[in-house]
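Undergrad: Generate the whole structure from the sequences, applying the supplied hints.
Residues per chain are reported as follows:
Number of protein chains: 2
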Amino acid sequence: MDLIVQKFGGTSLSDDQSRRHVLRHIIRELEAGNQLVVVVSAMGRSGDPYATDSLLDLIRGRGDALPPRERDLLLSCGELISAAVLCNLLQAEGFPSVVLTGGQAGIRTDDHYGSARILEINGERIRKHLSAREVVIVTGFQGMTRDGEVTTLGRGGSDTSATALGVALKANIVDIYTDVDGILTADPRWVSDARPLTAVSYEEICNMAQNGAKVIHPRAVEIAMKAGVPVRVRSTFSDSEGTLVTNAQALRSQGIWYDRTVTGLAHVKNVTQLSVVNHDGPADLQLRVFRAMASHGISVDFINVMPTGVHYTVSDSDAPLAVRLLAELGFEPQVRRGCAKVSVIGGGMNGEPGVMAVIVEALTAAGIPILQSADSNTTIWVLISETDLAEALQALHSAFGLHLTPNRRNIEEEVGL
Amino acid sequence: MDLIVQKFGGTSLSDDQSRRHVLRHIIRELEAGNQLVVVVSAMGRSGDPYATDSLLDLIRGRGDALPPRERDLLLSCGELISAAVLCNLLQAEGFPSVVLTGGQAGIRTDDHYGSARILEINGERIRKHLSAREVVIVTGFQGMTRDGEVTTLGRGGSDTSATALGVALKANIVDIYTDVDGILTADPRWVSDARPLTAVSYEEICNMAQNGAKVIHPRAVEIAMKAGVPVRVRSTFSDSEGTLVTNAQALRSQGIWYDRTVTGLAHVKNVTQLSVVNHDGPADLQLRVFRAMASHGISVDFINVMPTGVHYTVSDSDAPLAVRLLAELGFEPQVRRGCAKVSVIGGGMNGEPGVMAVIVEALTAAGIPILQSADSNTTIWVLISETDLAEALQALHSAFGLHLTPNRRNIEEEVGL
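Sequences listed follow chains A and B, in order.
The first sequence: position 406 = 406 (the UniProt record's numbering), numbered continuously.
The second sequence: position 345 = 345 (the UniProt record's numbering), numbered continuously.
It should be emphasised that the hints constitute simulated quantities derived from the structure, not laboratory data.
The model shown is predicted, which means the values in this text are computed figures rather than measured ones.
Which copy is meant is left open, so a pair is good if it fits within one copy or across any two.
Distance condition first, Cα-Cα at most 20 angstroms in a straight line; then the derived EDC-like pairs of lysine to aspartate or glutamate:
1. K269 with E391
2. K269 with D301
3. K128 with E29
4. K128 with E149
5. K128 with D147
6. K214 with D193
7. K226 with E203
8. K214 with E241
TA: Below, the structure is given as C-alpha cells:
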C-alpha cells in the first residue's frame, strides 16, 4: 500500500468533464489499495467566477486597497470551493472523503501574507483520516500561522503544498496533474516535434522552471529534492505515466537515465539587452550600475562585466526605468529590445565537451546571431533576437536529437562507472 | 461614543451601487465618533455567483452528497468574499478595517453543522481591533467549534450573528439593514397603504416573523430580547430611522409606545385544512392522528380538538402525505386546499375586549367566511380561503386604522399607570 499525494490544477477542476478525469485518477489509485491525499487549486482559469484571478477582480478597480491579510482570506475561498466540489463528487461515488484547509491539514506558515513560507507540517490529522480509509482533500496554496491566520503561499503554491505534504507524510510519490503529458523537451507551441521526457532530475526541472518553462514551481521541486521524494508530472486528461522527477542516482539505479547530454530547451521572451561602454569612465562603473538597478528592484540577468564595459539584460517592461537610471548616472547605454533567452539544459552536459560547439554550429547554420552567452555546469544560455526564436529553438532541438525517442540505456554502462 | 453593530444582508452588498449605500451608513457612524462592528451576509441574491444558493448549486445535481461539515466550509466562502469586498472599499476610503471570520471573532458554536448554536462569544479580539480604531467586519452566519471546525448557523444566521455579537459586546444598538424601511404594518405587496412602524416590542416582531413576515430571524430577536439589547430594522437605501425593536418597558419609558391594540398583520399562504370527523370512532382519535403526523415530520397548526372530531392545518406540500396517513388509519378527512392564515398581532391587545369583534365584523362586511380561528394574548389567527386573502388583509388593515400615522402618546398616561 502506497501513500500518494495527487495535485490537480485549476484547468483539471474547471468543469464537470475535467472533474470526471480527476475522479478517474483518484479511483484508480484507491482501487489499487493506495492511500490518497489530494491537493486542489482553485477551479478554472481566469474568467471562471471561482478562479483566483476572478476573486481578485472583485477588488481590482474598486480601490485595490485590500490589506494582505484580508487578501489571503479572500483568495483562500478559491481552493475551498473546488475542494468541496471534489469532495461532493467522491462521496456521490461512494468514496468517503474529507476536506481539510491548509491550517487543518497542519500546514503552519510564517505571516508573510501572499507569499508565506511553510515552517512545519504536522501530519497527525491527515494520518488519522487516512487510517479511517478516507480520501483527504487539502486546499492547496494555503496555510495558517500559529495565531490561526489564513495565509497563501504565492503563485504556484499548490505545487508547494503538494510536495511539502509529500515530504511530511513520507509519501511514496507526489503526482502533479496538469494539462500536458509530462515535461516536454521544449515548448510544443514553438517546437512542433517536442516530446515528453520519461524522467528528469530535480536539478534539470528546476533549471527548466527557472528559465521559463511552465512545468512546476521551482520552490516545490526544491522541497521534494531536499527530502528525495519522487514527483511525477502527468496529464489529467490521459493515462500517460508522465515524467518522473527524482535525483540522478535514483534514475541511474532504476536504469532510466539516458545517454543524453541535453535534456530539453526553455526560453524567456521580452528581454532587453543593455550595453554600457566604459569610455575612460570611473573604475566603479559596474558597481554604480548594479547598485542603481538593485535599489529600484530591477532584476538583471546575463551580466557580463568586461574592461570595456558592462552588458546585461532586464525585462522589456523594466527597460525604460533602467535606461532612465543609467542616464541619471551619466551613461548612454546601447539598448536592444525584443530579445529572447534560450536555455539549453542537461544534467549530463557537465564536463561534456562540445555542447557549446553544437549550439554555435546549429545557430550559425540557421543564420542566427548570438548576442550574448553564459553557462553553468548544467545549462548553457544564449541571447538572440526574438524574431529568430522559433527557428533557433527548432534548430537546437534537432541538433541535439531531442525529437528522437531515446533508448533506455544505463549511463553507468556507457561511461563505465 | 456608542458601540454599534450593523448587519447588511445580501441585497445590500450585491453590486457597487448598493455597496455605496452601505459605505454611507458606515461612514456616518464613524464620523459621529462611534465604534463599529459590521456583520455581512453573502453577496447578492440567487443567481449571483457568490450568493449562498449559487455555492450550493455547485453541489446540487452533482450527486448532492457533500457531508454537512464540508457543506459549511463551502458556504462560509460566501460571507468571506463579501467581507473582503467591503474591507477593500473601506480601506480605499481611508477607513482602517479588518475582516474576522466567525471563529476569529470569537463565536464558538456546537458542531451541529448547518444549524449550529452559539455556545459563547469571546469578544476580546474584536475589542482590541475597536480600540485600535478599526472597523471590524465579521462574516455573518458562521462560527467555529472548539476544535477549529467552521460551522454555519442556518438560514437567517447573519441576523443571529449580529444580535449575539451585540449582546456579547454590550453594544448600544444592533442595526439590521435590509431593503425595506423597517417593519411594516403589513406586507406592502398585499396592502397598498401598509406603513413602517416607529417601534415594536421583541414579542411583537417575534410573532410577526413566526407568522410569515420576513423581517428578521426569530432566533436573532430572542437573543437580543434576553439581554435587552435594542435592535433597529432599517433600509440600506434610505436615511429613514427604521423600526426600533426593544422591550415594552423601554418603549414606554421613552414615550414611544402607541395607543394601539393591534400593531400589524402577517400571513402565510399555501395552507390545507383537514377535518377528521369522529363517527362513533375510537376515543383516542386525536392521539392517533397527531402521532401519525409527528412520526412523518409533518408540522401541524390551527389544531382544534372537539368531541365531534379534529380540525387542523398542514402546508399544501405536506397535504398529500397527511391524507394518505389518515387513510391508513381508516379516516376519510375533509380536505380544503388553498387556505391562508392571517395573523393580527399586537402587544397591546392583551385583555383588550373587542378585538375579535372587530375582526369578525370587518371580514363579514367584506363577505369573507372565517374557516377557523385561534388566539393567544398577543395574536389572533384566522383561517380563510386564499382567494379572499388580499381583501381580508386590506379590510383588517383599515378596520384597525393601521394606515393612520399614530400620535406619539404614552400609553401610561392613557391607561393611567
